[in-house]
Each structure stands twice: as C-alpha cells, then as structure tokens.
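Peer 1: The chain contents come next:
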Amino acid sequence: MCRILAYLGKPVIVDDLLYQPDNSFIKQSYHPKYMSHLLNLAGFGMVAWDPGSYNPAHPFIYKTPHLPFYDENLRGLTKKINPHCILAHLRGVSYTEKQVISIQNVHPFIFDNTNIALAHNGALMNFDMMKYQLAEYIKPQYLKDIRGTTDSEWIYAILLSKLPSPVESYTIEDIRVAIIETLKVLQTVRHKCNIAINSPVNLFISNGKFIAATRYVFDYGWQPSSSLMSAHLTYHSLWYTYGESYGFYDNEYRMKNSKIKSSIIISSEPLTSDTATWISVPEYTLVIANLEGGEVKIISQDINI
Amino acid sequence: MVDQTIKQAISETLLSAYMNSSELEILMSHVALVSFSAGDVILQQGQYSEGIHIIIDGHAFISARTLEFEKSDIATLAKGDFIGEISLLLNEASNASIIANSDTQCLFISRVYLDFLAAFFPMIKSKTLLAIANKICLRIIDSQNKIINYMEMSDMAAPSILNRVITSLKNPGTTTFEEANVDVNKLKLRNPFSLFDQQERDELLKHMTLEKAAKNCVLIKENQEVPVCYVVIYGGVQSSMVHNNRITKLSVIGPNTLFCNTRCVHKDTSPKINFTTCEHSLLLKLTESDLNLLEKEQAKIWARLFDMICKSLVSLERSVQKLNIRLNIELYNR
Numbered sequence: 001m002c003r004i005l006a007y008l009g010k011p012v013i014v015d016d017l018l019y020q021p022d023n024s025f026i027k028q029s030y031h032p033k034y035m036s037h038l039l040n041l042a043g044f045g046m047v048a049w050d051p052g053s054y055n056p057a058h059p060f061i062y063k064t065p066h067l068p069f070y071d072e073n074l075r076g077l078t079k080k081i082n083p084h085c086i087l088a089h090l091r092g093v094s095y096t097e098k099q100v101i102s103i104q105n106v107h108p109f110i111f112d113n114t115n116i117a118l119a120h121n122g123a124l125m126n127f128d129m130m131k132y133q134l135a136e137y138i139k140p141q142y143l144k145d146i147r148g149t150t151d152s153e154w155i156y157a158i159l160l161s162k163l164p165s166p167v168e169s170y171t172i173e174d175i176r177v178a179i180i181e182t183l184k185v186l187q188t189v190r191h192k193c194n195i196a197i198n199s200p201v202n203l204f205i206s207n208g209k210f211i212a213a214t215r216y217v218f219d220y221g222w223q224p225s226s227s228l229m230s231a232h233l234t235y236h237s238l239w240y241t242y243g244e245s246y247g248f249y250d251n252e253y254r255m256k257n258s259k260i261k262s263s264i265i266i267s268s269e270p271l272t273s274d275t276a277t278w279i280s281v282p283e284y285t286l287v288i289a290n291l292e293g294g295e296v297k298i299i300s301q302d303i304n305i
Numbered sequence: 001m002v003d004q005t006i007k008q009a010i011s012e013t014l015l016s017a018y019m020n021s022s023e024l025e026i027l028m029s030h031v032a033l034v035s036f037s038a039g040d041v042i043l044q045q046g047q048y049s050e051g052i053h054i055i056i057d058g059h060a061f062i063s064a065r066t067l068e069f070e071k072s073d074i075a076t077l078a079k080g081d082f083i084g085e086i087s088l089l090l091n092e093a094s095n096a097s098i099i100a101n102s103d104t105q106c107l108f109i110s111r112v113y114l115d116f117l118a119a120f121f122p123m124i125k126s127k128t129l130l131a132i133a134n135k136i137c138l139r140i141i142d143s144q145n146k147i148i149n150y151m152e153m154s155d156m157a158a159p160s161i162l163n164r165v166i167t168s169l170k171n172p173g174t175t176t177f178e179e180a181n182v183d184v185n186k187l188k189l190r191n192p193f194s195l196f197d198q199q200e201r202d203e204l205l206k207h208m209t210l211e212k213a214a215k216n217c218v219l220i221k222e223n224q225e226v227p228v229c230y231v232v233i234y235g236g237v238q239s240s241m242v243h244n245n246r247i248t249k250l251s252v253i254g255p256n257t258l259f260c261n262t263r264c265v266h267k268d269t270s271p272k273i274n275f276t277t278c279e280h281s282l283l284l285k286l287t288e289s290d291l292n293l294l295e296k297e298q299a300k301i302w303a304r305l306f307d308m309i310c311k312s313l314v315s316l317e318r319s320v321q322k323l324n325i326r327l328n329i330e331l332y333n334r
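Respectively, the protein sequence lines represent chains A and B.
Residue numbers for the first sequence, in the numbering used here: 1 to 305.
Residue numbers for the second sequence, in the numbering used here: 1 to 334.
Read the hints as simulated data drawn from the structure, not as lab findings.
Backbone N, C-alpha and C define an ideal beta-carbon position, used for all residues, glycine too.
SDA-like mimics (lysine to any residue), calculated; alpha carbons at most 20 Å apart, straight line: (1) LYS259/A <-> ILE325/B; (2) LYS215/B <-> VAL165/B; (3) LYS33/A <-> ASN91/B; (4) LYS297/A <-> ASP155/B; (5) LYS33/A <-> TYR48/B; (6) LYS249/B <-> SER300/A; (7) LYS322/B <-> SER280/A; (8) LYS249/B <-> ILE303/A; (9) LYS322/B <-> THR272/A; (10) LYS311/B <-> GLU295/B; (11) LYS322/B <-> TYR34/A; (12) LYS249/B <-> ILE305/A; (13) LYS33/A <-> ASN95/B; (14) LYS215/B <-> ASN304/A; (15) LYS212/B <-> ILE197/A; (16) LYS249/B <-> THR285/A; (17) LYS215/B <-> HIS191/A; (18) LYS256/A <-> ALA64/B.
Simulated restraints on C-beta separations: (19) SER194/B <-> LYS131/A: 34 to 40 Å; (20) PRO159/B <-> PRO224/A: 30 to 36 Å; (21) ARG111/B <-> THR285/A: 30 to 36 Å; (22) ARG111/B <-> PHE248/A: 32 to 38 Å; (23) VAL226/B <-> ALA135/A: 49 to 55 Å; (24) PRO224/A <-> ILE161/B: 36 to 42 Å; (25) ASP183/B <-> ARG75/A: 48 to 54 Å.
Using the sequences and the hints, build the whole thing.
Peer 2: Here's what the structure looks like:
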C-alpha cells in the first residue's frame, strides 16, 4: 500500500523522522499502524533538499529496493544530514511473483533535468489497459524517461507534461492546476477503458520549496461484483502536523507549538502513536504547503473532478 | 444485594430515565463505585478506555493537547456526565484527558460487563447506549454552533445555484439485488451483516430496501426530522455541515458501514449535517417504521443494530470535532 512522508521547514535531522518516533517511518515498513494487511517491503526512496549543498535546487537522492531496516548506510546517513525538505517513500506491493522489485520502481520519481519529485500511495486498477492511451498525454521528452513498470511513474510523466516548465519557473498555482489536470487525464482514460473500480491516488509532490499531497480515490467503494468486498478498500489515510520546529520535546517527538508555524509534515500516517497533534486531511482534498517568509502557508481545496 | 449508595447514585443518572427498576437492578449488580481525589487522572489522553465512568458526585475537566495548543481545558463535566464512552465505542485512544476537579465519585461499567449485557440483556445494553447517544447528539449541536461561527468568518465559496438545482433533482431509486448484480450470499458475509447470526441477518434484510443513488445525491438532508439509517454496499457517502448554502466536509463513509441521522436516538436534535453520495452508490435503507418495528419486536437484532447506530453517531461527533480544529487552522492560514 506504500507509505509516504514529506517534510518542509527548519532543517531537521532525518533520523528524527525516519527512525526515532514510536511509529517512525521505517517502522511503518514492517509494522504499519494503519492498513496493516500489507507490509511495505518493496523498497525505500528519499529525496532531500539542502540549501547549503552543491546545486541546491536539485535534491540528494537515495533509493534501494532492499529492506530499509537492515540498511546500515541509510541509518548512518540519516544521522548526518539535516535538509529543510524531504520526500520519502516506502513501497508496498501485493505478495506475488508478478511484482517487479527493482530500483527503477522505487519512488520518489525524479527525471533528469527536472527538480520536481513525485511519490504515490495507491494503485490504478487495470493500469495495463490504460498505459497506451495515457501515452497520448505525455510529452515525448518525458515518455522516453519512463524506466520502470509502475503506474506511479506514468502519473509523474503526465504531471510534468502539465507543467509549463520542468525546472523552477512555475508557480504554486501552476502546480495546483497541473495536479488537478493530471487527475482529470487519469479519469478520462479510465472512462475510455471502462474502468470503474476503486483506485486510490494519494500523490506527494515536492521541489524543495513546497510540498503538495492529494487524498483521492477514483470510484471509491467499488470493486468487481465477483469478488468479496475487501477490508483493504478503506480510503487511504493522509495526515499533517505543523508548528515552529519538529523534534524531541517533553519526552516525545512532535511539532513544537508557537504562533509562527515554520515546519510541516504531511504523511500517510502519524509518526507517533499519540495522534493528538496530528490532523487527518479530509477525503477528496488537495493540500499544498509552502514557506513564505519562514512561515508555512497551507492551501487546501476540494478535488471535485 | 446491591449497595444502597450505588442504587441511590444510579437512580439520579440519565440511565434511570430509560430503564425500569428490574433493569436497573441488573445493571447495578456489576457496577463499581470509584473515588478520585482532586487532580487524579480518570482517563489519560492517548489511552484506551476500559469502560464507562458516570460522574455521580464532584466535577472533572476535559483537557487536551492539540496541534494548536500545548494544553487546553475544553470543558467541565458534572454529575450525570459520561467519561470514556467514545474511546470505548470506537476502540480508539482517548483524544483528551479527564481530570478530577475536586473529590469525585463515579460509577464504573466495565467493557467486560457491557459485553455480558449485550449477550444476556441486550435491551439493557441498548438503553445504556441510548443514554450515551443522547448526550452525544447534544454535544454535536454544541460543536455545530462553534463551526457555524467559523463558517461565517470563512471565505469558503457557496455552490452555484445551478449545482444546487441539479443536486436537488437527484433522488435515490429502489432496485433489487438481481438488478444491481449483488450476490446476497456474499453480502451476508460482509460487515455489518456478518455480526448477526443467519436468522437475524435474514430478518434484518427483510426490513431493508436496496437503493441506488447517483453521485451527488442527497440521502439525508440537513435538519431532516425523520429518522433513517443506511448501510453502504458499494460507493461512498460524504457527510458535510451546511449553513447558509455553504458546505464544509466532515468525512466519507465507505462500504460495509452504517450511518444515520441523530433523529434515530434524539427526537429533538436535527443538526445541520447532510449525507450526500460522493460516488454513485448502492445502499440498504432502514426507514422509521422498520426501525420502530425492529425495536419493538426483535430485541437481539435491535441491540446489535443500535450498537452500530451509536458507533455511527460517535464517529460523526469525532468528525465534527476534527472539522472544528481544521476550520480553526484554516482561519490561521487566511
């Protein structure tokens, strides 16, 4: 089912997000609190932006198709780096030999010559039927960059095709429009292919200056009449918390409160068992957060397509 | 022999308004009297409730740490108020701490005893839940007033007249399992029907009407006075708060879930909450007359059904609380 974590704000030690909290991101790979019927064992990926790094508009990228909780290199790295923006993804796929477990399928996706990254929690039902029709909506320069077998990478290519430019010269409004247009393309192609089965698309997008996330399901609550209704058809969760800074305060990992909110986490599930300081994003919603003068500004809108 | 103190205490709670003396005797036989000193934590935020406390003497306050506040005192509880009922019914960690304000005495009904009541005295369990549900309905109305204030301050857009006209023209239509291509045997294996035995679920289904509804079809209008219950089979339903043609989302109710309006338990409350399909949907409906019939003639079915009705109202209250926090944050971001 995948898990995603996005952070934007004051520089943060990545270890505090990925390993330290009692429901840490890495723990969600083998012991997820929500939608625990499927573990997230098919790879880990992370992109992180640090203004002090060389070529700061472009992120540092780490991807592995292996189990992250056995990854000594990852652990060591997270104790050292303190970026101001992170997008991390744990891949969870059904337990079948048909799945392709490879580094090419690990999110977040970020093509050469762009600095925008996308990670996806969900799955497009009957994606194989949609693929060739989706190609019509993707610019050739992005189509050739698709290397893996996931629906998510195709969604990413559509999103890039909907942006006026692949690097920097787009506004938050351009991002908002591109995300909605991407969902409309998927909806159009699903109609053309007569696909009307529950397909979640929780998308997380970032370029280091903003983080955006959708909580959306196409044809929510519908599955083939031949199969038993699965308990897995819950609406994929999406949460956020924000405050002055994230860290270990009063014996727990959480956002420190203050009048000025300078940091935000948007994630598939809260990083702590106690969810008191987390807000659940409503269904059918797009959330975009960016920093304006050191303060987090959140835009949320209904997705009504 | 029931302790006279407990007998006196329980007779002064809301429970005595719904139960006759023999039902109260049964309830009292396994209820404990618990004392707290000022400052004692009756229920800790983040912990699961192991039963329901009912205050019979003293006061307690609700305190919560939220995204917006390190710690805030939300409300005071007094004689007759319940503690831990939401955590127990939803099987979720409590989202607030309850702390005794003064020396406080409570009656405690354990989770185990409630389960025992459900098995052997279903009507007593239902009546206990009825008392709780009535309080929940009043709290929903209370929260609604705060939300309406936020909605009035907010610049949220109202749906266009055309949209409102289109929505008002959509009505659910009745259908059959054959027409809708639903395998009834498979349906019976799903929640909530799997919670009943074979005979009960057949009886329950006899009272239900299958309806199909297009996307954006209003199933329960705001302020609707007629009690009604639905179970979602396929699709989804969005609950929203409506005020002056402005709509703000509460939560989405998905397959295998029962939802209802507050009129199912509280005859005088009609919150400004509507339930509208967010996808084309297939639903089973229980009308007022069916609900009344089940209550009068099918005690065991009614007890299970009422348990679900209460849970749906508790979920609704949770959604209203979350909306309250969300709108507060959105105002910050204006």
